[in-house]
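*Asks:* As a plain string of letters, each chain reads:
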Amino acid sequence: MATRRRRVRAAGWDRRNQRPGTSGDSRSRVSRQLVPRQGYVGAANLDDFSGSAESYAKALAIREKLTAANPDDLKLRTDLADEYFRVATAFENVGNFAADLNILKRAQAFVSDPSNSMEDRQRKFRLAGIYYYTARAQEKTGDFSGALGNYQQAASALAPLAADAPAEPIPRAYLAEHYIGMARCWADSADLMKR
Amino acid sequence: MLGRLGRFDEAIASAAKAHDMLQQLSAAAPTNATLRHYLAESYDAYADVYASKGDLERSSRFLRETRAIYQQLAAADPSDKMSRANLAWSDLAIAENLLRQNKVEDAMPLIREGLALFEKKSNPSKGYWFAVEVGQSYLDLGRAWAMLAQSAPSSRNRTQFWQNAVASDQNALAIRTLDPTALDANGHDQLSDIRRQLVEAEAALR
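Protein sequence lines correspond, in order, to chains V and F.
Just so it is clear: in the first sequence, position 184 is 184 by our numbering, and no numbers are missing.
Just so it is clear: in the second sequence, position 145 is 145 by our numbering, and no numbers are missing.
If you're looking for bench data, these hints aren't it; they were derived computationally from the structure.
Think of the CB as a built atom: it goes at the ideal place given N, C-alpha and C, for glycine as much as any other residue.
Be careful, since some hints might not be right.
[As the list claims (entries may be wrong)] Label pairs and their computed distance ranges (CB to CB):
| hint | chain 1 | residue 1 | chain 2 | residue 2 | range |
| --- | --- | --- | --- | --- | --- |
| 1 | V | 73 | F | 180 | 35 to 41 Å |
| 2 | F | 192 | V | 108 | 39 to 45 Å |
| 3 | F | 20 | V | 121 | 20 to 26 Å |
| 4 | F | 55 | V | 145 | 43 to 49 Å |
[Said to hold, decoys possible] Below, a sample of chain V positions facing chain F; criterion: calculated Cβ distance under 10 Å:
| hint | residue |
| --- | --- |
| 5 | 96 |
| 6 | 101 |
| 7 | 140 |
| 8 | 143 |
| 9 | 144 |
| 10 | 147 |
| 11 | 151 |
| 12 | 169 |
| 13 | 173 |
| 14 | 179 |
| 15 | 184 |
| 16 | 186 |
| 17 | 187 |
| 18 | 189 |
Turn these sequences into a full structure, and let the hints guide you.
*Replies:* Structural data, given as structure tokens:
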């Protein structure tokens, strides 16, 4: 009998290591339950997920409307980009991977839209994050092939950013996470084929 | 696509690349708990790859490295529930390797320890994770009892062990069905595993 195991939640990045100026402060009380992080959001470490995903989804819808109504507000756009990760993570934490993937599709459409005037490095950084989170959701639904492809895309997007800023630990740490995901997909799919 | 999956050399190279990067980063910031988490994940990736290859000894060695990091993190910060959960997952992973090596007596205490950690850190209202974590612990426990039953020296012991296996599998099923999903955190159909194992144990007891 095949046994499956562990690794339920990826650790999030410590806020002290976050580069300044990328996350907004105007977060709702619910949103603060997860530490805001640059581009990516690690899973909550509070073990209190019930109901939070729906609250996050409502907050996201409000933020999307606000951003659409204020297209020149850079801070709102940055906040929205970050919010997608928080909501996706919230759905991941309750095992709702379909909703998780749906949010990530919306995130990709928003981040890829050239009209949002996002700085190129930030755009690439967030796109790598979207690939990574998409891969994680796919992995958790057994789609190792899709997950591997997205981990590889995430690594391809992030590797130049990590190389450009060797003194910054965040891109390198996240890049390492992408490589870990790739290794796991290869291993898990091999395991799958043996069953 | 599957053709390019299951390549162990690439998997190991990928795990090694991640591990080297994280060792450097973690050495430069030894108090950064998140980097320690990531480092533990890199050991875990190695363990996954070697387990898939069938090299369970080497897999377990990496799992023990993983476990040591989570143990240290959990001890340093009692509020760090994620480290406690991952410590428990490490216990189960090592135990599962031991079961695959037919070392049931060695596996049993680890399964019980993992179960206790999961039960302590969570409660049924936590939904998905409680169902996955505690469900997996009882599933492993049921499997261990079944293996003991299969090699039991007397029919009395055999009956008792099968009864324990059924009870564990029933617990696993009751807890896993608290959440409507069927998959575990690796995309595997955990619920089907539980049902299959329970049916086998009940059949053996008849």
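*Asks:* Tell me the numbers of any earlier hints that the structure contravenes, in ascending order.
*Replies:* Per hint list: 2, 4, 6 violated.
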